[in-house]
Every structure is written in structure tokens, then in C-alpha cells.
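Using the sequences provided together with the hints, build the complete structure.
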Amino acid sequence: MPFRYDTMNAVEPNGSSDFRDAHDNTGNLDLAMNGLSLSWLDRLRQVRKSWRGIENEWNTFLATTGFELPPLIYADGAPLVVERSTQLVQRNGSLYSIRLPANFPVELSGNWDDDQPLMVYRNDQPLRQDLADQDGGKLVGWTRTELSEQIKDVNSALDGSSINVWEYASLVSSKPNPEDPTTWDWAPAVQAAVDFCNAEFPAKELVVPTMLTLESPVNIDRPVDGVNQKDTFRIRGINGGGFKVKTDIPMFSTSLPQAFDETGARMPSSQNIRLENLTLTASNASLSAYVLDSNKLLRVFIQGCAISNLKLVKTTGYLQSIYLGPNNNIRGWNGIFLEANGGAYDVRAHGCQIEHGGNFWLTIDNTGNKSVSCCGVDSCLVEGLSGYGILYSHSRGFYVSNCYFEGNADPDIIADSFPEKANLGVLHIGNFHSVLSTNKSNPAFWAVRWGYTFGGTSLSNFCDWRLNFVRPDTQVTMNDAAQEAASNSDNKLVLNDVVLGIVRPSDNPSAYGDRYWRAGSIVLNRDHGSKGYAGWICATSGAPGIWYPFGTTSDGASWNFTNIDGTSVMAKINVTDPDEGKTVLYLRYSNGNTIKLGQVLIGSADSGGTGYRLLRVAN
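Numbering (full-length UniProt numbering), first residue to last: 1 to 619.
For the record, the hints were derived by calculation from the structure and aren't laboratory data.
One or more hints might be untrue.
What the hints assert, rightly or not - Pairs of lysine to aspartate or glutamate, EDC-like flavour, derived with a Cα cap of 16 angstroms: (1) Lys440 x Asp473; (2) Lys440 x Glu484; (3) Lys204 x Asp185; (4) Lys204 x Asp180; (5) Lys244 x Asp185; (6) Lys421 x Glu484; (7) Lys49 x Asp30; (8) Lys440 x Asp464; (9) Lys175 x Asp185; (10) Lys244 x Glu167; (11) Lys246 x Asp185; (12) Lys175 x Glu215; (13) Lys244 x Glu215; (14) Lys246 x Glu215; (15) Lys204 x Asp231; (16) Lys440 x Asp410.
Set out below in C-alpha cells:
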């Protein structure tokens, strides 16, 4: 060892500047980098690893991360000593290593029941590496089973999830492009998934995560008034999933036979279905493609769906309990989106965005057997249609409320009917109508056309042009506003505008602020002392309009006093003998008291002809 000064000078804070320490450091550096020892002592007598020591430690680490071959052979009943952690043990073709941490050497007894807990299975090392790869999840298989215990692993968590239509992808046989699932005919897979979901009560939810093409309808068989009345089967889209058709078919139908009611009408045979958050579309808007097959399905809820190039339903029979909305985005269809020609019951649209299609809604009765009852549209946007918005007839309780209509080619609402099929009990309330500019140049265009109606009510609606066209034989209570005209003819309206006053508005318009009056408005006369008319009614709208009086007011009047049972007269009128053409009129009560009412004038001037005279109470 070379001569060392060993000054033990401190290193901190700036290092030693003593040349003797520099001498010692030079020797130490040579030992650290080039010496054969695994360590060396610095000038402060601290042990440091040499470069050789660092290399040796790293090589040892690398050696211990692998396993030695050939493996040790494990024989049942024979003890075996494992010297190192890198040694493998082979038993019946399977490889094991000693479970760490452990104190080596480890002696195995030869009894596998005792030795197995000390071992780690090593045949799966390549699989472990593959599972850790970014595609490792593809190596994990799973088959759905019914949950029977607490969810505590991935398998049971998957068992508890909704049914995914891709679980039945193996049933798809038609694959025009095997690499593109959107080209496959998914009808067999969807049918199998639907059947599985409805095999037991309650029904399971079916999830659709991608767009699926259907070449044939999917049957949903849930018998009306069976156990299915207690639950609802839901098909739910995620990540934009849904269904597409390319031919003239409905997406959803049923194989259950339809019964006939007493009128001979076919009735729905499957029920309680919810379509939610699905993308529903057709390859071409000109197709006769529909979401629902005629009137076969009952109590169908369609919510949060995007429906394009596709119509909802068309039936010549009786449509019942279809609930459209809320939050459906409906656009781009040809023809009539919802069409029921044989009557309807409990069919509703709520909170939907309906744009740039043909005609939206038609519920009529061409059979004469059914009416359109308890149906309506509310809180919807109906805009940019090439046809009408809503057409109904033969209705028994129909409503259109809080809707926004804009830029539709034909009227927003048509209450079509014939005298033998009048609409009864119809309400239009709180709707906004913005008329297409080209229609404003058409003198025959009105945003709403009323057919033959009894019990119609139109309240608080507004139109930026002409609003209501009403037939002469139609009875509608109306209180609306419009920039051009609220209605086509005032004498069809009952306008419940009643105020108190003392003068006819046409005689003194300023007494009422020179206001505009609608036909049907009434002013009740509160000046009883004038012994004039009971009031005045406006016959023709205007400012002030044309007014006519009605009724009379005076301090005197005629009464007939009778008992409740009508058996005897409570009071009688007595007239005294004539006195120079005058007669005194008395009222005598049944207790004998009399009251003089006044004098009755009898004269030829009051004569109405032979055998007739007028009696007038004199003032």
C-alpha cells in the first residue's frame, strides 16, 4: 500500500485543499477503479464499493432473476434440497420454484401436500408476460353464468353486467366484409339476445355498443296481460350503438298472434318495451322502413333516441300506448312519421326535437269503430317539415301544448273531421307558431285549421301571421294572439272577455281607453238606477266594434211566489175597481197583509188588439 498522510481533514463544507489529501485521493481513486478488491477505504476510513464490486453485484442480480436448467426432479416420498432461489423443481411435467422469501437451502420432505405451499407454479411465466402485453386482455375468456354470491372478482362482475349483444356475435353468418361488423347481418344474434333477456322474469337489459345492421325484423315476444305486465324489457344503446335497416322492413315485431276485439280490429299482442339511447336509422329515407311493426306492440317507450331516415309506425288498425320521448332527435324521414289510420288510444309525444322530415303525426279513424282518445303532443320542437305537423280527427280528448312550430310547409295543426266524427274535447294551449315566409303570401294559409269540433279550447297561443281557421259549425273557446289575425271569423268564437261599465263602448269608446274589442266580449251595466239595459255584447270585433244591448234593469219586477211543493199560492195580486181609467195594484200576502204596488194604466193606446191589453206599472 502506498504511503498515506491520513490527515482526516473534514470534507465539508468546501472540501479539503490540503495537497496531502489530494495525494491520498489519487491513490484511492486508482484502487476504486482498477483494484481487484470488491471494496476500498476512502481517506476518512469509510468502506466504498469498487467498480469491480459494483459489476459483481449487478451480475449476481441478473443471475438470480433467471432460473437454472436442468430442473431438480421431485419424486414423491424422496426428500429434496433446493440450494438457491434460481433452481427449478419439476413434478409430473410441471415446473415450480421456492416461494420467496425463504432461507436457503430449503429441504423438501417428499410429501406433496406439505411441500406444495412452499412452491410457486412457474409454467405460466410466458402467459404472464403475454397478459401484461397491451393485447393481453384478448387472452382472457369468460362465459356468463347467473350470479349466486357476492361480486368479488372480474368474472362475477361481468356476470352482473347487462347482456351485451356481442355475446351472441358467433351466431352471425352473413358477413359481406368480415373485417367490418357494420356490414354483417346481426338479426340472428340480436334475436338470440332478446330471447335470452326475456326467457325469465324479470327481463334482463340488452346493451348495444355499436351500430348493427338488421336484414330481418327482431321479434320481441312479451304476451299482453301475462307476467310481462310486471316488468319492462329495455334495449339500451351505449357509445352511439343502435340499429340500421336497408330494406322495407320494421326493426321490431312479434311472433305472437294478434287477437280481435268485438269490432273486428286487430289488437296488440306484445308489451312493455323500452328503447333507450339508441341510434335508429335507415340507409335511405325513401324506404318504407319503420321502427315498429304496425300495431303489434303495446306500451312501447322510446326515449333519448336519434331517429333518422326512418319512420316510427304505420297501421291501418288501432294503435295503443306508444310513448315517444323525451329527448328524441327525429329527422330526415319521408312520408308520415307516426301514422295510425284505425283510431288510437294513449299515444303521446313529449319533449322531442322533430325537424326536416315529411309529415310528423297522423291519428285518425277511417274504420268508424275507434276514436282517437287520450292522445297528444307537448313540449316538442316541430320545424322545417315539408308537410304538416299534426293531423288528428274523431278525437276524444286530444291536446297540443307548449310546442314550438316553425317554417313548416303545411299547417302546423289540422283538426280534420267530418260531421259524423266530430272532435270532442280538444285543447291547444301555449303553442308558438312561426309561419314560413312563402305561406304569408298565401291568403288561404292559416297555421291551425279546425275541423268539426265541440268542446274545443285554444288558449294563450301565438302566431306571427294568421293563426286559427275555424269552420262555421265548430265550437271553440278561444283566447289567442296573432300578428295578422287570431281567427278567420269572430262569430265562431266564445271569448269570455267580461268587464263592468255604465255605457255602451260604441257610444263612448274613450270610457274604455279606446281599446280593441273581440266579438263575444261583454260589458255588464252597473248603473241600475238608469233602468236601462243589463249590458252590451260585441257582435263584430273592432275598436270599438259593433255592440248590441241585452236584458233590462229596473227596481220593479214580477215574481211568482209558491211553496216549495208548489201546492198553494203564497201571495196574490189584487186589482181594485176602475177609477177613471186607472186601477190600483195591490200585493196581498197569505197572512192578509197588503201592499200597494202602484197604479196600472189601461187604455186604448196600450191595446195589442182584440182581447189583449198591456198593463204597465206607473212610476
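* Asked: What hint numbers does the structure not satisfy?
  -> 1, 3, 4, 6 and 10
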